[in-house]
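S.K.: Below, each chain spelled out in residue letters.
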Amino acid sequence: MSIVYKKPEVFTEEYKKYCGGCGHGIINKLIAEVMEEEKLVDKTVLIWPIGCSVYADKYYKADSICALHGRAPAVGTGVKRSCPEDLVVVYQGDGDMVSEGMAEIMHSGIRGEKFTVIFVNNSIYGMTGGQMAPTTLMDQVTTTTPYGRKEENTGHPVNMAEIIGNLKGCYYSERVTVTSPANIRKTKAAIKKAFKYQMEGKGLSFVEVLSPCPTGWKVKPLQALKWIDDVVSKQYPLGVFRDCGQEEK
Amino acid sequence: MGDKVFMQGNEAFAEAAIRSGCKFFFGYPITPSSEIPEYYSKKAPSEGLTFIQAETEVSAFNMVAGVAATGKRGMTATSGPGFSLGCEAMSYMSAASLPSVVVDCMRPGPADGEILGSQGDYNQLTKGGGHGDYNTIVLAPYSVQEYADFAPLAFELAEKYRNPVVVASDGTIAKMMENVELPERITPPGRSDWACDGINGRGHHNDITTCGDGPEQWEQFNLDLQAKFAKIRENEQRWEEIDTDDADIIMVAFGSLARVCLTAKAIARENGMKVGIIRPISLWPFPVKAFEKFADKNVKFFVTELNAGQMVNDVKLTINDNKKVEFYGRLGGITPTPVELYKKMCELYK
Numbered sequence: 001m002s003i004v005y006k007k008p009e010v011f012t013e014e015y016k017k018y019c020g021g022c023g024h025g026i027i028n029k030l031i032a033e034v035m036e037e038e039k040l041v042d043k044t045v046l047i048w049p050i051g052c053s054v055y056a057d058k059y060y061k062a063d064s065i066c067a068l069h070g071r072a073p074a075v076g077t078g079v080k081r082s083c084p085e086d087l088v089v090v091y092q093g094d095g096d097m098v099s100e101g102m103a104e105i106m107h108s109g110i111r112g113e114k115f116t117v118i119f120v121n122n123s124i125y126g127m128t129g130g131q132m133a134p135t136t137l138m139d140q141v142t143t144t145t146p147y148g149r150k151e152e153n154t155g156h157p158v159n160m161a162e163i164i165g166n167l168k169g170c171y172y173s174e175r176v177t178v179t180s181p182a183n184i185r186k187t188k189a190a191i192k193k194a195f196k197y198q199m200e201g202k203g204l205s206f207v208e209v210l211s212p213c214p215t216g217w218k219v220k221p222l223q224a225l226k227w228i229d230d231v232v233s234k235q236y237p238l239g240v241f242r243d244c245g246q247e248e249k
Numbered sequence: 001m002g003d004k005v006f007m008q009g010n011e012a013f014a015e016a017a018i019r020s021g022c023k024f025f026f027g028y029p030i031t032p033s034s035e036i037p038e039y040y041s042k043k044a045p046s047e048g049l050t051f052i053q054a055e056t057e058v059s060a061f062n063m064v065a066g067v068a069a070t071g072k073r074g075m076t077a078t079s080g081p082g083f084s085l086g087c088e089a090m091s092y093m094s095a096a097s098l099p100s101v102v103v104d105c106m107r108p109g110p111a112d113g114e115i116l117g118s119q120g121d122y123n124q125l126t127k128g129g130g131h132g133d134y135n136t137i138v139l140a141p142y143s144v145q146e147y148a149d150f151a152p153l154a155f156e157l158a159e160k161y162r163n164p165v166v167v168a169s170d171g172t173i174a175k176m177m178e179n180v181e182l183p184e185r186i187t188p189p190g191r192s193d194w195a196c197d198g199i200n201g202r203g204h205h206n207d208i209t210t211c212g213d214g215p216e217q218w219e220q221f222n223l224d225l226q227a228k229f230a231k232i233r234e235n236e237q238r239w240e241e242i243d244t245d246d247a248d249i250i251m252v253a254f255g256s257l258a259r260v261c262l263t264a265k266a267i268a269r270e271n272g273m274k275v276g277i278i279r280p281i282s283l284w285p286f287p288v289k290a291f292e293k294f295a296d297k298n299v300k301f302f303v304t305e306l307n308a309g310q311m312v313n314d315v316k317l318t319i320n321d322n323k324k325v326e327f328y329g330r331l332g333g334i335t336p337t338p339v340e341l342y343k344k345m346c347e348l349y350k
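Chains C and P, in that order, give the protein sequences.
Quick note: the first sequence, position 32, residue 32 per this note's numbering, numbers continuous.
Quick note: the second sequence, position 207, residue 207 per this note's numbering, numbers continuous.
Only chain C is shown next, with the shape it has when bound in the complex (with noise of 0.2 Å):
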C-alpha cells in the first residue's frame, strides 16, 4: 500500500496551538511539503510574526527567527540581503502586515526584495481575542466594532494582493483560499511557484491566502469555510495579479 497522506518530515514532534477549523495548520503543511519535495529545508529560514502562528519556529527543524510585530519583511530584507543563495519565506497575518507593519511591507514590494511572502488574511485579530484588522469586512462584527464596521469611522478593507501586485518590485502575486481539497491544491501551487520564482532570483513573490478563523469569527468551522467562498471572496477575489513568468514567456 502506497502511503498518501503523512507529516512531513521537517515538522519536528511539537504540538501547534491553532484552534480547530483554522487555516494556518494547513498552510504550515503546505509550506512544509513544498520545502522538502523542492529540496529546500537546509537552506531556509523562516521568518515568523506576532499573531496565531508566533511559535511556528517551534514546529519545524530549519531556520526560524520569530519578528516583532509587523516588522518580518525588514527582518527579510537583513536575512536575504545577507543570504542571497538561501530560501527567505516571510509569514505574515493581517493585522501584522496591513496594521502594524503596512510600511514594511510596502517598501520590500517597492525595493523587490527577492524573498517569499505568505500572507495569511483572515479578515480579524485572532490571537489577541477577535478585534477589527484593517482586513475586516463592512459590517463585520468584531470585539471593537461591535456594531460592525463602518465606513465613516474605520474606511474599507484592504486588498493586499491586488497592491502589491500593481508594484513593479513585485514579480509574482496570488490571492489563493484553503476551503476546500481543490483550493488547497491550487494554494501548493501557488506557495510552489513563489519558491521556484525566489530561487531564480526573481523579485517579491507574494500568496495572499484567504484563510478561516471560526474561533474569531464565533461560526463553526464549516461555516467559516462556507462565509469565505459566499462572502469573503467577493471582496478579496482570488487570482492572479501579476506573474512576470507568464508574461516573460
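Covered by chain P, per the in silico footprint, the following chain C stretches (three or more residues, Cβ under 8 Å):
id, region
1, 50-58
2, 63-75
3, 82-91
4, 100-109
By construction, these hints were calculated from the structure, which means they are not laboratory data.
Backbone N, C-alpha and C define an ideal beta-carbon position, used for all residues, glycine too.
With chain C held as given, fit chain P onto it using these hints.
M.R.: The following block gives chain P in isolation, referenced to the frame of chain C:
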C-alpha cells in the same frame, strides 16, 4: 595601525566600521548622523557593501536585526528621534541576543529639538529605552580617534556577549575633523553556530525567538539575560582618570564635554584648585569601579553634562552621598566654555 588621515568623525567611524568587516548598513537620514550612510553608499560598489536607505528607523533597526540573526556584521546610525523609533528593535535584539552596532549621534531633544551637540539621550541609552529588562553596552567617544577605535571594539563586544552595542557620539564629535589613525582591516569571524543563515550543512537547525512560552520559562529566559548583563557589568567598565591622585574636586564628564573639562581643569590647576577628571567611557556599564577608591576620601564631584542632569544620578548612586555631588548642565545644543566651567566650580567650592 593603518593610515593616518585628517577626517570628520562620522566618516572616520564609517571607514573604521568598513575596515572592521561590517558589510551591511541600513539607515534613515537624520542630522547629525547622515555622513555615515552617505559614506557607506559611496563605498558600496568598490567595497562590496550592502547599503539600504530604509523607509523608517523602525525598519532600519529591524533590518540590522535580520543581518545580525544570520551572524554577520551589520549596523545603523541615527540621532535621538530615530533612536526612539529604534528602541523597539533594541529591546528585541537584546532579548534575542543579536550582536549589532548602532550609532546615536546625540542631538538636543526632547522631540524634534535641535541639531548641535547634546547628551540628552543618556537615560534612554543606559536605562534601556525600549520595554522590559534589558541593557546595551554604550561607548561614548571624546575624539575622532576614539570614535574610529570604537568601531572594531563595538563589534568585538557585541559578538563576545551577543548583545547590541551603542556608540554614543554627538553633534560635535560627529562633525568635528581631527587627525586619526584608522584601524587596520580585519576579517570578521566566519559562520556562527547559533545563527539563522540556513542549515547549509550545519547539522542542526536554529531558532531565534523572543516570544515567551509561559511565566516559568520566561522568568528563566530573563534570569539568563540578567546573568549576561552582570558579566558585562563586571568585565566591561571603561573610564579614564586624569590628575585624580591629589584632587579635592573631580570633574565627571563624558564625550565631547570631557574635552572641554580638560581645559577647565588646566585653568583651575593654574589658579591653585586641585581638580581632576573622571571620564566615563562606557556609559553602560557605568564605571562604578572608578569611584570606589574615593569612597572614604573627602573629595567633591562636579558632574557636568549637556543635558538637565542624567548621568549625575548614576554618580550619586555610586558615591552614595548626595552632599558630595554638584551638577552643572547646558541645554539646547549649547556647550559651555572652559572658563564657564571653571567659574562655576569657583562659585560652588570657594
